[in-house]
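Visitor: Residues per chain, in single letters:
6 protein chains.
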Amino acid sequence: MVDIVTFGEVMVRLAPPDYMRLEQTHSFNVCCGGGEYNVAVAAARMGLASSFVTRLPNNPLGRMAANKAREHGVDVSKIVWSDSDRMGLYFAEFGAKPRASSVLYDRQDSAIANIEPGMADWDGAFNGAKCFHVSGITPALSPSAAAATKEAMQKANQHGVKVSVDLNYRAKLWTQEEANRCMTDLMQHTDILITTEEDCNRVFGIEGEDYEEVARKLYERFGFEVVAITLRENPSVWFNSWSAIVLHGGTIYTAPKYDVEIVDRVGGGDSFSAGFLTGYVEKDDPDYACKLGVAFSALKHSIPGDLNWCTRDEAEKLMKGGGNLRIVR
Amino acid sequence: MVDIVTFGEVMVRLAPPDYMRLEQTHSFNVCCGGGEYNVAVAAARMGLASSFVTRLPNNPLGRMAANKAREHGVDVSKIVWSDSDRMGLYFAEFGAKPRASSVLYDRQDSAIANIEPGMADWDGAFNGAKCFHVSGITPALSPSAAAATKEAMQKANQHGVKVSVDLNYRAKLWTQEEANRCMTDLMQHTDILITTEEDCNRVFGIEGEDYEEVARKLYERFGFEVVAITLRENPSVWFNSWSAIVLHGGTIYTAPKYDVEIVDRVGGGDSFSAGFLTGYVEKDDPDYACKLGVAFSALKHSIPGDLNWCTRDEAEKLMKGGGNLRIVR
Amino acid sequence: MVDIVTFGEVMVRLAPPDYMRLEQTHSFNVCCGGGEYNVAVAAARMGLASSFVTRLPNNPLGRMAANKAREHGVDVSKIVWSDSDRMGLYFAEFGAKPRASSVLYDRQDSAIANIEPGMADWDGAFNGAKCFHVSGITPALSPSAAAATKEAMQKANQHGVKVSVDLNYRAKLWTQEEANRCMTDLMQHTDILITTEEDCNRVFGIEGEDYEEVARKLYERFGFEVVAITLRENPSVWFNSWSAIVLHGGTIYTAPKYDVEIVDRVGGGDSFSAGFLTGYVEKDDPDYACKLGVAFSALKHSIPGDLNWCTRDEAEKLMKGGGNLRIVR
Amino acid sequence: MVDIVTFGEVMVRLAPPDYMRLEQTHSFNVCCGGGEYNVAVAAARMGLASSFVTRLPNNPLGRMAANKAREHGVDVSKIVWSDSDRMGLYFAEFGAKPRASSVLYDRQDSAIANIEPGMADWDGAFNGAKCFHVSGITPALSPSAAAATKEAMQKANQHGVKVSVDLNYRAKLWTQEEANRCMTDLMQHTDILITTEEDCNRVFGIEGEDYEEVARKLYERFGFEVVAITLRENPSVWFNSWSAIVLHGGTIYTAPKYDVEIVDRVGGGDSFSAGFLTGYVEKDDPDYACKLGVAFSALKHSIPGDLNWCTRDEAEKLMKGGGNLRIVR
Amino acid sequence: MVDIVTFGEVMVRLAPPDYMRLEQTHSFNVCCGGGEYNVAVAAARMGLASSFVTRLPNNPLGRMAANKAREHGVDVSKIVWSDSDRMGLYFAEFGAKPRASSVLYDRQDSAIANIEPGMADWDGAFNGAKCFHVSGITPALSPSAAAATKEAMQKANQHGVKVSVDLNYRAKLWTQEEANRCMTDLMQHTDILITTEEDCNRVFGIEGEDYEEVARKLYERFGFEVVAITLRENPSVWFNSWSAIVLHGGTIYTAPKYDVEIVDRVGGGDSFSAGFLTGYVEKDDPDYACKLGVAFSALKHSIPGDLNWCTRDEAEKLMKGGGNLRIVR
Amino acid sequence: MVDIVTFGEVMVRLAPPDYMRLEQTHSFNVCCGGGEYNVAVAAARMGLASSFVTRLPNNPLGRMAANKAREHGVDVSKIVWSDSDRMGLYFAEFGAKPRASSVLYDRQDSAIANIEPGMADWDGAFNGAKCFHVSGITPALSPSAAAATKEAMQKANQHGVKVSVDLNYRAKLWTQEEANRCMTDLMQHTDILITTEEDCNRVFGIEGEDYEEVARKLYERFGFEVVAITLRENPSVWFNSWSAIVLHGGTIYTAPKYDVEIVDRVGGGDSFSAGFLTGYVEKDDPDYACKLGVAFSALKHSIPGDLNWCTRDEAEKLMKGGGNLRIVR
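Protein chains in written order, with this note's numbering: chain X, 357 to 685; chain E, 357 to 685; chain U, 357 to 685; chain P, 357 to 685; chain Z, 357 to 685; chain W, 357 to 685.
Source of the hints: derived by calculation from the structure; they are not laboratory data. Mixed in with the good hints there might be a few duds.
A pair holds if it fits inside one copy or across any two, identical chains being indistinguishable in the list.
Unchecked claim - Straight-line C-alpha distance at most 30 Å; calculated BS3-like pairs for lysine-lysine:
1) 673 with 434
2) 506 with 613
3) 676 with 528
4) 486 with 434
5) 639 with 528
6) 528 with 673
7) 639 with 434
8) 676 with 511
9) 511 with 639
10) 528 with 486
11) 573 with 528
12) 673 with 511
13) 434 with 676
14) 506 with 486
15) 528 with 518
16) 434 with 573
On a predicted model such as this, the values are computed, not experimentally measured, just so you know.
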């Protein structure tokens with residue numbers, strides 16, 4: 357019995373070391389990542405019982421992806437295994453101003469893109485669960501993945517499991533029109549929306565004077581239980597600032613803005629989702645959830661790889677004012 | 357104007373260091389390789405003017421593959437560039453007895469698999485060339501790649517360019533029946549056949565008492581100008597023995613058998629092809645060609661990666677009896 | 357509910373790369389290992405549901421050790437966590453003839469050495485289990501660890517869980533006299549004994565003409581259900597031969613002798629234990645168990661680290677004659 | 357037939373990883389670099405047909421240097437090979453404020469220092485070329501290298517090839533007096549001068565209120581067709597700002613000032629030269645050339661090694677306002 | 357005959373590369389460090405004849421620690437060797453804002469913690485020496501180490517060797533009360549005190565309006581010959597500012613405040629001690645000593661590992677205004 | 357006061373990892389080595405007080421070379437420092453059968469090649485010493501180095517210090533005729549000659565039926581006190597056999613022949629010299645000296661780098677029959 361179930365693609369990530377360019381490198385650092393995968397791992401590190409559902413090829417790369425979730429205590433028993441499909445990959449290149457970091461996806465025809473409704477055991481997965489999380493990437497993978505996403509959300513609704521969606525628009529996967537049509541449909545099954553101001557505009561055409569207005573417009577159009585918007589400023593590649601706001605029951609909750617020195621910002625938003633959902637599911641306290649999510653995800657930026665290797669204890673300490681940057685001895 | 361043109365797939369190769377397994381690794385060493393690519397590079401190192409024809413995605417991985425041929429002086433001006441396809445990849449795992457080394461291909465839907473007749477500038481490529489080399493892997497990639505291979509061979513015949521084929525059967529790509537049908541058809545355009553006893557049996561059903569008999573049966577069935585068969589013994593993963601025989605004008609030519617300590621045997625056969633074709637094209641001397649090919653490819657086993665970083669001078673020295681294993685100072 | 361429970365120490369292992377000596381190195385490769393830990397992981401890879409019981413400090417090193425078992429699917433919910441003790445470490449140095457590989461332990465006062473009877477939840481751990489495995493290292497760690505080992509064996513006897521012991525004598529931890537006294541006492545709770553000829557002599561003073569005689573003497577003195585003896589020959593550091601015999605119901609079962617090229621032989625014996633116990637627990641077939649254990653552990657020698665990253669499928673293929681050492685494509 | 361020919365030394369560069377000091381390191385990262393070599397490669401990446409002329413020892417280090425230019429498509433057929441000389445080397449150490457990065461040269465008696473007039477095939481090299489580029493380093497290598505530089509410039513003048521000089525003063529190679537005498541002489545053959553305010557002062561004793569005045573004084577003294585001055589500010593080791601101005605036909609052209617996070621600033625000026633010359637040679641547009649050169653070279657600072665692995669497309673995007681530092685997906 | 361003798365623990369330090377977390381890493385960079393060890397090495401690099409006294413296990417790790425001091429010319433002949441104790445270790449994790457760097461000690465029961473009065477040859481060590489340096493860490497290791505520290509200080513007093521103490525409070529090793537009692541006692545043997553405002557408060561309960569007042573209060577309470585206080589500001593993890601003040605003969609001496617880009621700040625304070633003591637012992641000039649100490653230790657922040665691989669020449673150049681951050685060629 | 361003084365060149369060694377070729381590598385492992393340097397370090401590890409005399413540039417590379425001798429306890433106070441010369445380098449490439457390992461020297465004009473008689477403090481160096489060791493490489497570096505070598509040998513004779521010479525012929529440095537003339541002259545100052553059968557033939561034209569005869573002919577021609585000849589067989593690159601014989605007082609002493617698995621054979625002969633001289637100087641026992649030298653140098657082959665990181669204890673254990681290749685725990 358788990359607290360949170362997430363569903364989506366996990367890819368093997370290949371990243372050149374030392375700011376080398378893809379074309380230049382002679383080695384890759386290897387890890388695994390993907391929006392909902394990162395959330396499942398981060399939720400497990402926050403202390404939730406989490407389960408990750410995906411479809412993987414039954415080969416060493418697929419096993420690596422499952423292993424590395426299991427390493428953090430994520431339940432992988434609901435993963436669907438395929439004997440023939442390929443593993444999705446992505447190549448990540450780290451930059452320095454004025455060269456932004458970048459990502460080259462190689463995820464066509466991956467096992468999860470070929471998932472179809474009926475393949476996953478949603479009744480088993482949702483039995484006793486409190487929350488289901490998926491991002492806008494999963495339905496963008498393929499029409500059958502979109503159908504499987506809708507199936508999962510409907511099942512979650514039937515099981516009384518709260519549905520959280522990270523809007524996450526990926527221009528390489530579909531057009532804004534396609535995203536709008538599909539995501540608008542899925543919003544009827546959604547209780548919790550997590551997004552950025554920009555994605556909100558690209559997918560739903562919603563703009564506002566400020567983050568609060570965007571949150572309120574989302575709330576008005578779709579009637580979510582709670583909306584969270586993450587806020588990032590990019591003055592350079594190595595330094596960002598990071599925060600979020602949450603709208604719940606008409607009230608806006610905020611968190612401190614953290615200055616972050618960036619080792620690897622991939623998965624920052626996913627860490628927010630996990631921290632926020634942990635606080636929200638555990639304590640039903642949107643203020644605490646927002647602050648926990650922001651502190652936990654601020655820490656993520658300091659860690660190489662998609663995953664957040666911090667502990668809940670570290671996030672709570674930071675929340676409570678642990679801004680001391682002396683060496684911890 | 358080039359001496360030799362080769363045509364086939366080049367993949368980015370990802371290999372864990374230090375005998376680690378794919379499922380276990382946290383980094384990959386990166387290089388590029390593929391049968392005909394390896395031959396083009398090795399021929400360039402032998403001193404031939406060589407050109408490599410393939411189809412590559414116009415992204416950093418595709419550029420890397422072209423660059424690394426160009427690094428050795430291979431002409432890459434006839435490569436066909438694609439704005440949408442993906443790069444073929446393969447994962448290589450190095451073993452130790454009793455665990456054999458192994459390879460996991462991820463090459464579906466690569467740019468070269470989607471090549472079609474008419475895409476490559478064969479008239480430009482073959483202008484003044486002496487030899488065209490392709491392996492049985494290229495037509496196995498897809499029906500359109502098979503058609504493009506046939507087109508290339510016909511063009512070579514028209515240009516009076518000798519056609520060399522390395523039979524190279526890949527069970528992951530097609531069945532023995534498919535291979536038999538396609539390769540039998542292509543043999544009519546073939547002047548030089550390079551193969552192993554085992555592939556000969558798997559593709560053409562030809563067996564013999566010994567290597568000589570196999571060579572003679574091949575000769576009888578297809579009427580090749582020359583046939584070369586490489587001979588490998590695998591007493592362990594780290595130690596092999598390696599040689600070849602050549603049948604030309606009814607005469608069998610042999611080379612010494614080398615004991616090889618194996619750093620990386622991938623591309624060993626391709627180095628033989630390059631060394632053999634160099635000797636054959638340059639001097640029309642099958643005995644010299646066989647000995648040069650074997651010496652050059654024996655050296656390949658000591659070098660990491662698909663490519664043979666030896667020089668012609670080193671191969672010639674070994675041929676002339678340089679079995680001294682003291683440190684060269 | 358698990359098939360097999362193992363109990364013992366897991367250490368963080370620090371090993372210089374590239375045959376460097378400890379005194380010389382500027383980096384360490386990190387992994388985790390320990391006799392019973394290795395068995396738990398290897399059993400999980402064989403397809404058993406396995407659980408590992410130990411005591412770990414609640415710090416990043418302790419969490420790493422638990423994570424890396426969990427990565428392979430081992431249940432770690434019965435691990436006892438300590439807020440104050442230290443993590444056991446060991447330093448491993450890889451050699452080349454005539455310099456043998458060597459190990460420097462730094463395991464004094466580790467959390468597991470400070471375990472005491474009553475700390476672990478044996479009733480929970482053994483509920484529904486089929487087999488309990490421990491080695492002679494665990495009781496050697498400290499008197500309280502010896503008492504905890506005896507407690508575990510008694511509990512296993514009460515739950516009807518078969519008790520397997522790997523005799524494993526460690527001269528750095530106790531004298532032969534101490535080992536003899538303690539292990540002789542523990543043998544009354546033991547159903548399955550796994551050992552080497554040498555350890556048998558050092559702990560019990562049992563010698564024989566050959567391995568069979570040693571097995572029979574063990575059987576006669578202690579009345580085990582089954583005895584397994586592993587056989588290693590060390591002609592050099594990089595090449596060994598490896599096999600085992602099993603005595604069950606008066607019959608000796610043997611396995612083929614494998615020549616192994618050695619990447620890392622640490623954990624070879626543990627892989628045998630896991631493979632043997634898997635076959636024995638699943639099928640009650642000592643012949644199959646012996647052959648499976650030897651094939652699986654022969655493969656271990658080719659893999660860096662204490663753990664066996666092979667699959668059951670690979671072990672079964674090797675058992676069935678897969679001696680082909682060509683590249684698997 | 358090439359667009360641009362460059363002439364100078366290429367060295368093998370040895371750099372400790374991770375900010376280690378030379379005295380401290382146990383490994384070196386290897387690449388190749390040198391002012392005019394960097395320009396040849398960067399021009400090839402900009403899309404020009406470029407050729408690099410130097411003199412190299414015919415050993416693995418010399419071949420590596422030629423290979424790595426060829427990797428980017430640079431023509432290396434005009435390189436002069438020596439059977440006896442040594443390869444120039446340099447050691448690079450990366451710092452952090454207040455420790456500046458530093459370089460230790462080991463280039464005495466390199467093959468290129470021993471070049472003499474008559475050795476290189478300038479008529480072949482300049483046939484059809486548009487531009488010849490050399491820096492103040494080449495004549496500083498030795499008197500015979502200075503004579504060969506003068507020979508090359510005269511030949512370029514004869515062939516109607518525009519001559520570009522990067523003033524580049526190296527205090528380790530010659531005194532300011534020597535530089536003044538030699539460079540003043542060479543200026544009569546020079547059409548395009550690229551320099552910094554500081555080098556201008558050190559070599560020609562020219563100072564000014566600001567960069568513009570320096571450019572105008574250079575123009576007045578030597579009558580160049582065009583003068584470019586690069587502008588760097590060093591507030592710290594890891595952050596610089598970077599720009600340039602160009603004086604042409606009496607008009608000053610400027611480019612935006614870029615803030616750059618520094619991975620490796622070696623070769624930054626060379627990238628400017630290549631970008632500037634590309635724009636100038638292709639379009640005869642000093643404004644575009646200045647902006648292209650600055651954008652392309654700003655990107656260089658983010659890439660390890662002497663070479664600029666960016667593409668022209670990336671430089672053009674940055675020029676057109678691509679200051680977005682989000683991850684490119 | 358040496359100038360300076362230091363006494364304390366040296367540990368083997370294990371640090372994950374690339375900002376990885378301990379729990380996450382698969383390798384450690386290895387070096388050796390410890391407060392007084394770092395001072396001994398840094399003093400040797402400053403040109404003093406220095407000797408380091410400790411107690412080490414006679415195994416490869418103990419030898420590594422002695423070797424790496426000897427590498428810099430430190431005399432290690434007074435080290436006490438143990439055949440049974442263990443080597444102290446520490447794990448260092450590098451962070452990025454808002455995650456501070458941190459250290460996990462594993463130093464219990466190290467050979468030096470088990471040192472006892474009478475074990476070290478203090479008469480031999482102090483023969484002709486000018487200065488003895490120890491920190492507040494050494495007496496905190498164990499009661500016997502505290503007794504040995506007191507013995508050493510008394511011996512130093514007898515030999516007329518000036519005693520320098522770095523107050524260095526370590527909360528993991530003892531309480532503030534224990535530290536207060538022990539260190540107050542040791543102050544009677546102390547001539548030179550080096551500390552920070554914070555440690556002064558934690559150990560002696562001394563606070564002040566500013567650094568000067570703290571220095572004066574220390575002077576008043578204990579009557580030291582000279583007091584030095586280092587000043588660090590931590591606006592982020594990667595950027596700090598660094599300086600110090602010295603109180604001597606009633607006068608306050610100051611040094612410039614350096615902005616430092618941080619590669620590794622461990623050992624920064626120790627470098628100050630070494631630089632300061634060098635200046636003070638050599639020239640009896642507190643102003644020069646303060647400035648030399650600050651310049652030398654500012655440079656330390658740019659170097660990986662505990663040790664300062666700069667030269668005295670570099671420190672002097674920085675003192676004299678070498679703020680130029682261009683590449684040193 | 358030292359036991360043994362050695363004199364010669366130390367170079368920084370740059371070696372590609374993982375059997376990569378020089379032309380192919382993107383990194384070098386760094387260490388320091390040179391015949392007499394290796395002997396000085398190995399003698400220090402054997403327990404002798406040793407001193408190394410050379411001439412080094414006063415830059416980070418020169419300091420690294422001195423540091424790394426000092427790390428092992430070698431006295432470096434007699435090294436002559438130069439402010440202008442360069443450091444000798446060598447590039448080492450590791451092979452696999454049939455590709456032998458090889459070395460590319462880059463040592464022209466190194467500081468030691470420019471040494472001249474009168475530069476080194478021989479009276480200081482030899483004060484109280486027992487043995488002086490030099491190889492045939494040092495006089496081959498340059499005429500002035502040959503003169504300095506002769507000066508050193510004469511001074512050693514005057515001080516009653518026994519002179520040991522390792523004949524070591526390097527064809528890259530001089531012709532056999534040059535070597536013959538110079539070395540014949542130096543033999544009059546030589547007490548102990550260490551060589552191989554092959555070098556003996558190349559330098560002195562001495563051949564024999566077997567090793568004994570060669571030793572006897574050397575003895576007869578030059579009247580040495582003792583002659584040692586090392587014996588290597590190269591059946592492959594990764595496996596050799598290794599031994600030596602000693603002729604003293606008309607008697608031949610032999611050592612067992614060791615099979616060695618080769619990690620790095622560079623410095624094997626130097627380790628023999630050090631072990632042999634240790635035994636000979638300490639105990640005047642040629643039998644013990646021969647056996648100690650062979651055991652110690654057999655171990656060297658298992659260690660990366662020029663230096664022998666074994667201990668005397670390990671060498672003595674091997675001598676006494678420690679052929680057990682099990683893991684040392």
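Visitor: Please work out whether the CA atoms of residue 434 and residue 676 approach to 30 Å or closer within one copy, between two copies, in both situations, or in neither?
Guide: Answer is neither: 37 Å inside a copy and 32 Å across each miss the 30 Å cutoff.
Visitor: With identical chains treated as interchangeable, where does the CA-CA distance between residue 434 and residue 573 reach 30 Å or less: within a copy, between copies, both, or neither?
Guide: Neither: 36 Å inside a copy, 49 Å across copies.
Visitor: Regarding residue 676 and residue 511, is the shortest C-alpha distance of 30 Å or less found within a copy, between copies, in both, or in neither?
Guide: This pair counts as neither: shortest intra-copy Cα distance 38 Å, inter-copy 46 Å.
Visitor: Between copies, within a copy, both or neither: which fits residue 573 and residue 528 at Cα up to 30 Å?
Guide: Classified as within; 27 Å inside a copy, 52 Å across copies.
Visitor: Check residue 639 against residue 434 for me: Cα-Cα at most 30 Å, and say if that holds within a copy, between copies, both or neither.
Guide: This pair counts as both: shortest intra-copy Cα distance 27 Å, inter-copy 28 Å.
Visitor: Within a copy, between copies, both or neither: where do residue 511 and residue 639 come within 30 Å Cα-Cα?
Guide: Answer is within: at 24 Å inside a copy they meet the 30 Å cutoff, but 40 Å across does not.
Visitor: Please work out whether the CA atoms of residue 486 and residue 434 approach to 30 Å or closer within one copy, between two copies, in both situations, or in neither?
Guide: The answer is both: 16 Å in one copy and 25 Å across copies each meet 30 Å.
Visitor: Can you tell me if residue 528 and residue 518 fall within 30 Å by alpha carbon in one copy, between copies, both or neither?
Guide: Result: close within a single copy only, 29 Å intra versus 44 Å inter.
Visitor: Within a copy, between copies, both or neither: where do residue 673 and residue 511 come within 30 Å Cα-Cα?
Guide: Neither. Shortest intra-copy (37 Å) and inter-copy (42 Å) distances fail the 30 Å Cα cut-off.
Visitor: My question is about residue 528 and residue 486: at a cut-off of 30 Å on alpha-carbon distance, are they close within one copy, between copies, both, or neither?
Guide: This pair counts as neither: shortest intra-copy Cα distance 32 Å, inter-copy 41 Å.
Visitor: Should residue 639 paired with residue 528 be assigned to within, between, both, or neither, using CA atoms and 30 Å as the limit?
Guide: neither (37 Å within a copy, 34 Å between copies)
Visitor: Is the C-alpha distance from residue 528 to residue 673 at most 30 Å within one copy, between copies, in both cases, or in neither?
Guide: Result: close only across copies, 18 Å inter versus 38 Å intra.
Violation of the numbered hints given earlier is confined to hints 2, 5, 8, 10, 12, 13 and 16; the remaining hints are satisfied by the structure.
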